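Undergrad: Take a look at the letters that make up each chain.
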Amino acid sequence: MPASIVAQMAISGALMGLVYALIAYGFQLTYATSKSINFGQGELVMVSAFFSLTLLDLGLSYWLVLPAGLLFGAALGLVVERAAVRLALEQKSEGWILLTIILGLFFFSAAENIWGRDDRPFPTPIPSESFHVFGVDVTPLELSVAVGVLAVMGLIELLKRKTLLGKAFEAVSVDRDAGELMGISAKRTVMLSYALSGTVAALAGILVSPITTVGPTMASALVLKAFSVAVVAGLDSGFGVVLVGMFLGALETLASFYVGSGWREAPGLVLLILALAVRPTGVFGKAAIRKV
Amino acid sequence: MLKRLLLVRGAELLLFVSLAALPLAVRSPYALGLLTLLAIYGILLIGLDVTVGYLGQVNLAQAAFLGLGAYTAAIVVTHSGLGLVGALVIAPSVCFVLGALLALPALRLEGPQFALATLSFTALATTALNELEWLTQGAQGFSLSRPPLLGHALGARDFYWLCMALLAMVWIAMRNLLSSQWGRAFEALRDSPIATDAMGVGTYRHKVAAFAFGSGLGGLAGALYAFNFQYLQPQSFVYELTVILLLGVVLGGRKSLWGAFVGATLVALLPNLLSNRTLFQAFSALGLAVALAAGARGLVRRTMRPFQAIAPVVATLTLVLGGLVVENTEDWRKAIFALMLFSVVVGLPEGLMGFATRFLAQLLRIAPPTLPPASPLDAVLPARPADGAVLLELRDLRRHFGGVKAVDGVSLSVRAGHVHGLIGPNGSGKSTLVNVVSGLYTPTSGVALLRGSALPQGSLVRVARAGVARTFQNLQLFTGLTALENVMVALTGVYRAPLPFVLLGLGRAEDRRARADALALLELVGLGDEARTPAKDLTYGAQRFLEIARALARKPEVLILDEPAAGLAHPDVVKQVEIIRRIRQRGVTIVLIEHHMDVVTQLCDVVTALDGGKLIAEGTPDEVKRHPKVIEAYLGNVGDVATEPAPPAAGARIS
Amino acid sequence: MTKLFGTLLLCALSLPVSAADAVKIAVTGPFTGGSAPMGASMRDGAKLAIAEINAAGGIQVGDKKLKIETVERDDEAKNERGALIAQELAAMADLSGVIGSVNTGVVLAGDKHLQDRGIVKIITPAAGSASMTQWAKGAEGPKTLSMFRFAAHDGIQAAMVVEEAINRKYAKVALLHDSTNYGVSGRDDLVRQMKLQGDKLQVVATEKFNIGDKDMTAQLLRAKAGGAQAILIWGIGPEMAAVANGMAKLGMKVPLIGGWTLSMSNFIDNAGKNGNGTLMPQTFIEEPITPKAKAFIEAYHKAYGVTRIASPVSAAQGYDAVYLFAAAVKQAKSTDSQKIREALEDLKEPVSGVIATWKKPYGKWDPSNVETHEAFRREQVVMGMIQDGRVVFANERDRARLQKSGNM
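Residue numbers (my numbering), protein chains in the order written: chain A, 1 to 292; chain B, 1 to 655; chain C, 1 to 408.
Hints may be right or wrong, so weigh each one.
[Unchecked claim] Using 30 angstroms as the maximum straight-line C-alpha spacing, the simulated DSSO-like pairs for lysine-lysine come out as follows:
| id | chain 1 | residue 1 | chain 2 | residue 2 |
| --- | --- | --- | --- | --- |
| 1 | A | 187 | B | 536 |
| 2 | A | 92 | B | 536 |
| 3 | A | 286 | B | 3 |
| 4 | C | 292 | C | 330 |
Don't read these hints as lab results, they were simulated from the structure.
If you're wondering where the values come from, they're calculated on a predicted model, not measured in any experiment.
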């Protein structure tokens, strides 16, 4: 098999894997502050994408729609936090798992009825014609996702390490009550993390839509992969998601080619279960010492 | 007692009799189809409830087991001569084994990680069913016909009765299992895996068992599913179904057979009932009324947070208004389902049946089952000879974490019948030492010997079984269980009935015995009257006492008490001292880690002081208190202070 | 609880509106989820026809005119739901017939209940061959069948696809299909047709993709490495657009030829210019070439506030199916399903539809010949091609023929 074909597959797969990574960030952000994640994250991606598409249809320019879409995503994130997460956190129960699933179901049904059930293209100023480098075809669209992921990752790491807010995130994540005593409002920090998570979902929606098309089911397959990536990488590892995402994406493509296209996902799934069994907190996650 | 039995069993009997009689009255094949599905889902959800309710884990693999069971049954009846009965045995067995296998890697996982592992399994199972075309016919689907039962062709009604009979059998077997030691162990596992191990119960065995059982029931439901629909496709058993099943369990109410059944009813019937607009409007209006009443009541009595009272009202109001505005409710069915679920999950976190049972128990004044009289303490905790021989010996024990030498070569001997104190400033290595001895950590080097033979290393369960029991500085109670059940989980030497007997309900006698024994231990620590109180509702002091009673249920040779008086108010400290004295009188050897110097002085025969992971002094409490190294360790180097340093004041909490 | 449950059940069973003076038809299909564009377009086309009939006073049944009353059921493309809905419909005492179904699995899981009760069903717009062949078991098959299919069956479509590839002088092709029942049966039909048509095509790659897949690089590289001159594709939905886009990315300039589902907007829109030149058999093309077609398209656009039909084929088939059914009711002079079945098997008068003028579309059921309950013949199907976002006639001949046939 010529090396260029293998390279093409690995690179195409890895670029797709970055999409998983971008969505996976949304899980990490909320997990960092509240140990909870939004199981309806895919619906946030989808609804934000539809919303942005509507703005585009109204004739707004892409560069105006982008911030508007992100704001909308943040607002949705806040809705999720208020309606599905806050109560459960206050009661220290795991009710958020169900409530976020339920909210996702609601968003899904609403989107089907408001925007229709069909998949639609998402216009973008970023060209989709591929170019050829080192024997590999890549489209600028795919690269834009890569840039988006890396930008988000950079920004978030910067935020975490350099700002007071980042410290607050960490404090609340380590010990909610202690953080509270230090004058950090756990409630606000969690709200903020959900808003940020919604923003990342919206960014994913806007960046990914030109590749995946916009439709009610656009993110349902992606979000499961993203979830896998987030958990396998470790729900607290920023760099991990990028690496795991790219690895999983490439693995899928290669498995599809060598094992058979029907078995595309199988090697990834087996590895995933094994990886978790060996390192429950994720490959790049902090290993927890059992304390009593 | 009789009233309770009558009402609870009577309700179950009534349910099954009326369900069995229903097809005689309702002849519509559609109704029969729904009822059959209800029975199948009932079995499926009872299985799911084992992991979701009792184990407390989000299990997303149940749909896969439904599918695997269905395909197994289909393949068995198509390709072998084993027929219906064979399929009904093989399908659950296959799923039982697969469930146990999946539990192995999933064993160490919790929360999102567990959810993901099970979700991946579902995806993997679907892929396999899709791709193994030679066996499953892949996406084309597998058609089969319903085989006869022992020579009798099964009509729709006969098949329904078969499903109902199996549901009733599963119901009874699971009730027997879940009300036995197994069920308690599952719940214990949910609340504190560490304590479950430390009580010698073994997380491993029970987690695998719970998962295997739940999966086996999934397989049984799958076999019935196959014979009901007679056409299978892999994509019927995917993530979406799994989520709906999960919601069904929670809606109905976790940890309850009734809850699983109600959940099954909702999952099976709701989508079909919602197709009917009039019915939907009636439902939503009823929902709004209930939400308003419950919300107002909750707000007035302050039993609900405002959000909890208001959100369901908003959701149901949206339903009612939406019902008037929206032209085609069929299109919005998922949103309707979501709003209904939302109201229930927020407003009734215990699920419909959790709420209903509590309500009915109040209304009908059903008393909880009476407790048997406590066993004589001598039968439960026979007095041991306090011969002063060396019982527990540590030889040069070390435990390093990276560069930190938490325990650095400690050797000491604990004599039978003694209370052996272990003191030292924070970070001196006391807790690590205890954690090494009790098996939580593996020692870096060195050994611990019990009566001269080496204790197992790095395994809480095995150390516990060897005869060393412990309590925890940070309480590790099974919070969801009652005080009595906490003790019963740990109780050793009572449960002998093998699993099949338990399923058949033949373990009840020993369960009664366990109850009586546990009660004796509760009385020993003064909690006889709190037997039925959930551990999480006990006062802090009582929780500390309960931990001791629970550890005693192991009938240990050595009892390690890790700061039993920490955080206790003075009267409780006095009680605690009294309790420890009583235990000592029974000849139990005690290792006591404590900061309260007066407690140490009052109770200990020998005290060992640690600092920096090393032993610095040993002797009677008074000797150790005056030992210069001990004083230095607690107060820092005070050599240049002219006056003789005061020993740590009695009663002062040194930290 | 038991009581509540019993009451609910009774309500559910007794509430369905009694319709003594109406013809009750059920319309079923996936109206939500991934197959919804087909299901919903079919439903809307059918409702358009029903509205027209009702506006004209209803169907002449014997001496009175009866309006049509519809029951809608969303099967969500789930077999289990499909089976339950079929049971529900089978239990309705006054139901005259059923129109619908997209997914083969749903049909296989549910139709037996309708057949048991002898309720007429017109299967449209999709559902693979298995939906009819399950009954055609020769001597073992049922003697009477109340299932009728109103869709270009996969045999015709696959034959046309293979024929097109041969006509275009291709020697090497790749087969791509989705992993659903529809895709897999399509693959098998294509392989069968290649044999039937003399093994002139060499298959260099047979590849699958899952619903929701976005990256087709691996599958396409296999086709490319094998030197495929055309890609024969069978699937539903936007994944096929991902294939077209992936081909553009990898610089593969070979045509896509596949089933009629390629004409759905979710392919055309999402593939954009990469979809140009894609070929697929069509029963209806959204082009106002005849007055009848023009009227239908305009009415549809107006009724549902759209400028383009999500799946024109589904809409047109739903529309025509209702007219066929109405004609059968009229001829039977009864709302009884048995009589309607007999009438459908022997329609005396031609029915003018938007796809064609149907003259005796069905015959008496012969368990060894599935064609007796298939409405579409080769001549009602044309090859369509995508050009700048619309489906046009691939061959000018077809267009001329249809215009002339005067259907309209």
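Undergrad: Look at each hint and say if it fits the structure.
TA: Hints, verified against the model:
The suggested pairing of residue 187/A with residue 536/B holds, with an alpha-carbon distance near 25 angstroms, which does not exceed 30 angstroms. Using a Cα cut-off of 30 angstroms, the hinted pair residue 92/A and residue 536/B holds, with the two alpha carbons roughly 13 angstroms apart. Straight-line distance between C-alpha atoms of residue 286/A and residue 3/B comes to about 54 angstroms, which puts the hinted pair past the 30 angstroms bound. Distance check on the hinted pair: residue 292/C and residue 330/C sit about 22 angstroms apart at the alpha-carbon level, within 30 angstroms; holds.
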